[in-house]
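Residue numbers (our numbering), protein chains in the order written: chain A, 187 to 690; chain B, 3 to 198.
Everything labelled a hint here was simulated from the structure, so no lab data went into it. Even glycine gets a Cβ: it sits at the ideal position worked out from N, Cα and C. Errors might be hidden in some of the hints.
To be verified - Heads up, simulated EDC-like pairs for lysine to aspartate or glutamate below, C-alpha to C-alpha not over 20 Å straight-line: (1) A/430 <-> A/411; (2) A/615 <-> B/126; (3) B/128 <-> A/411; (4) A/474 <-> A/435; (5) B/128 <-> B/166; (6) B/9 <-> A/635.
To be verified - Which residues of chain A face chain B? A few of them, derived with a C-beta cut under 8 Å, are: (7) 355; (8) 361; (9) 379; (10) 597; (11) 601.
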Amino acid sequence: MDQIFHNLVIGFGVAVTPINLFFALIGCLLGTLIGVLPGIGPVATIAMLLPITFNLSPVGALIMLAGIYYGAQYGGSTTAILVNIPGESSSVVTCLDGYQMARQGRAGPALATAAIGSFFAGCVATVIIAVAAPPLAEVALKFGPSEYFSLMVFGLIAATVLAHGSLIKAIAMVIWGLLFGLVGTDVNSGVLRFTFGIPELSDGIGFVIVAMGMFGTAEIVANLEMKEHREIFTSKVKNLWPTKQDFKDAWGAVLRGTALGSALGILPGGGALLASFGAYSLEKKVSKHPEKFGKGAIEGVAAPESANNAGAQTSFIPMLTLGIPSNAVMALMIGALMIQGIAPGPQVMNEKPELFWGLIASMWVGNLMLVILNLPLIGMWVKLLTVPYRYLYPSILVFMAIGVYSLSNNAFDVLIMGVFGVVGYICAKLECEPAPMILGFILGPLMEENLRRAMLLSRGDPFVFVSPSKPISLGFLLASAVLLVIVALPAIRKKREEVFVEEG
Amino acid sequence: MKIRSQKDFWSGLMFIGSGLFFALWAMAFYQMGTAVRMGPAYFPTMLGFLLTVLGAAVLLQSLAMEPEGDQAVHTPFNIIDLLIVVAIYAVLILLSQNMGSSSDYAILGGTIIVSLLTAVFRPDAKPLVLVTAATIAYGYLMKPLGLVIATAALVFISAAGGHEFKWKEVIILFIILILFSVLVFVKGPIWPEYFG
Chain A
187 MDQIFHNLVI
197 GFGVAVTPIN
207 LFFALIGCLL
217 GTLIGVLPGI
227 GPVATIAMLL
237 PITFNLSPVG
247 ALIMLAGIYY
257 GAQYGGSTTA
267 ILVNIPGESS
277 SVVTCLDGYQ
287 MARQGRAGPA
297 LATAAIGSFF
307 AGCVATVIIA
317 VAAPPLAEVA
327 LKFGPSEYFS
337 LMVFGLIAAT
347 VLAHGSLIKA
357 IAMVIWGLLF
367 GLVGTDVNSG
377 VLRFTFGIPE
387 LSDGIGFVIV
397 AMGMFGTAEI
407 VANLEMKEHR
417 EIFTSKVKNL
427 WPTKQDFKDA
437 WGAVLRGTAL
447 GSALGILPGG
457 GALLASFGAY
467 SLEKKVSKHP
477 EKFGKGAIEG
487 VAAPESANNA
497 GAQTSFIPML
507 TLGIPSNAVM
517 ALMIGALMIQ
527 GIAPGPQVMN
537 EKPELFWGLI
547 ASMWVGNLML
557 VILNLPLIGM
567 WVKLLTVPYR
577 YLYPSILVFM
587 AIGVYSLSNN
597 AFDVLIMGVF
607 GVVGYICAKL
617 ECEPAPMILG
627 FILGPLMEEN
637 LRRAMLLSRG
647 DPFVFVSPSK
657 PISLGFLLAS
667 AVLLVIVALP
677 AIRKKREEVF
687 VEEG
Chain B
3 MKIRSQKDFW
13 SGLMFIGSGL
23 FFALWAMAFY
33 QMGTAVRMGP
43 AYFPTMLGFL
53 LTVLGAAVLL
63 QSLAMEPEGD
73 QAVHTPFNII
83 DLLIVVAIYA
93 VLILLSQNMG
103 SSSDYAILGG
113 TIIVSLLTAV
123 FRPDAKPLVL
133 VTAATIAYGY
143 LMKPLGLVIA
153 TAALVFISAA
163 GGHEFKWKEV
173 IILFIILILF
183 SVLVFVKGPI
193 WPEYFG
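Start from the sequences and build out the full structure, keeping to the hints where you can.
The following block contains the structure:
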């Protein structure tokens, strides 16, 4: 307990310096700004804003990115409530009751409930990270290459199981991502792989570029193909504060949502997404008046919003302690760390305590800022929603193009973004999820490296991963197998499909 | 045998195609090595074949033995158009390499041709092609012509990919965005070099 307190003091010492507060503020503002814009999810938002953090110190960059992430999530719920367009998949369920509340003229209380619920969840999740991360990192420090390889297999499998859509296609997308991740110079032999004589490819394909293409341009194209029809409740956002009855109805939902979200967020994969879906169904089950759900029940906003914020936050745990991304956003965070010259993994906590604890403390600071900022600023975000898409998307494109171009002042990077935009578009048409691909993409080189090392150590014995002398590795692989079998069972498969299509 | 899901059918083909490509390319050009000391070909070959197998599974799932389902094979996107686009770029790049000039011009030229073709023959594909073309044009115009003209290309071409295009609006948008770009953009030329 003392240790945790001590660590948090270090963290707040870093996070509450004026410059880092400033980065957190800018991150939250920018994140909300972009997140509010319909049709741009957190992944695209972070990818888009990543280049502006390159010149910052590692601590500043991570703090700002975390702020962007929460801001984007928060902005996503705002659009869900006001426009019935989920800014991201984890606010899909917020649409159900939040939008109905807005239609009944209760947009203000819905937004306030979302903000307060998220803040509460954020506080709890920050403490959970501070408590859970050190022992996990301790364990992870003992991991050898075979444990790491198996852990990555488990992470990737779990990520596909918890994602929606076809399981087998999701796994195929992961492998596709792994393969794309291998493009470039092979570290062991120095051989240029899959570069086709193009010198720009010898350093590999930048993950920011891939993410911007798959999530950014592809989403813009998808939005342009749909006709614009939006109904916005701008005039109706007044009397923000929820009533006493609202508080009474919502607090239980906030607690349950936070608990569920924190637990699910640690799991690889849909963290925040599964958390919000799960929390919504749970509320509906425990509610005394389930018939109110879908018609503007405040619990239907409070629970998923708390859950997805808690999940968003605890999904930092595997990233920070193991160096393994649990979702596409965390993959981007890892990429950002690597760009800053920090190898993500358990050693970060010991080698750079100020970075680690500073980030954790700034999560809490970021959550506080969002509440303080967003409730008064809601009027401004709402105005932003009325900006027609035909002004927005060229602006977004300019932003992305500048970002990608200035990565290395290279036209080829922009071309690659365009190509991955087309790939993302085709994938969307074929209902192949891009998120697992991004995970695979970032893990490709790491997986190969660990596989090679493990095989070298075991003198080529492939059974090293499942040998009883390596119980952790064996455990991860068994868990992956169990997950796959469970999901393949017809009964569960049906249930899983139900969960993800439920009223979505 | 009928196709139950066109989407799965084509995703299956896509995975098989790229899986085989990666695996065979790796086997043909890189050292395989042994399990103990893996060469550069080892991991991609494994993954490539795994992807092929998964793709085959997706493909098989998409085929139904029952008579119901779609008869003809049709793509959810126009695959022939895609091939034409790839072919245009390939021809131009080969030509430019034979002439000894930079393939940058070939990519720019190809982008212009593809955009014009789309605008004339495939208005439905305008969002995809013009948005992509706009970003590519931006990248390749930056070095020779500078930020202002590159941004102009990006804004005007991408705006043409939307539903409505009003000159006045787009010009105002362009002016705002160029001001923004000049503020944040420090590296690289703003105007064409021979302007000053």
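Verification of the supplied hints:
With a C-alpha separation of about 44 Å, the suggested pairing of residue 430 of chain A with residue 411 of chain A is violated against the 20 Å cut-off. Between the alpha carbons of residue 615 of chain A and residue 126 of chain B the distance comes to roughly 15 Å, so the proposed pair stays at or under 20 Å and holds. About 9 Å separates the Cα atoms of residue 128 of chain B and residue 411 of chain A, which keeps this hinted pair within 20 Å; it holds. For the proposed pair residue 474 of chain A and residue 435 of chain A, the alpha carbon gap of about 11 Å is at most 20 Å, so the pair holds.
Distance check on the hinted pair: residue 128 of chain B and residue 166 of chain B sit about 12 Å apart at the alpha-carbon level, within 20 Å; holds. Distance hint between residue 9 of chain B and residue 635 of chain A is unfulfilled; the C-alpha atoms sit about 34 Å from each other, more than 20 Å. Interface restraint check: residue 355 of chain A against chain B, minimum CB-CB distance 6 Å, threshold 8 Å, status holds. Hint on residue 361 of chain A holds. Least Cβ distance to chain B is approximately 5 Å, under the 8 Å limit.
With its C-beta approaching chain B no nearer than about 6 Å, residue 379 of chain A sits inside the 8 Å limit, and its interface hint holds. The interface hint given for residue 597 of chain A is met, as the beta carbon of that residue sits about 4 Å from the closest beta carbon of chain B, less than 8 Å. At about 5 Å, the closest approach between the beta carbon of residue 601 of chain A and any beta carbon in chain B falls short of 8 Å, and the interface hint on this residue holds.
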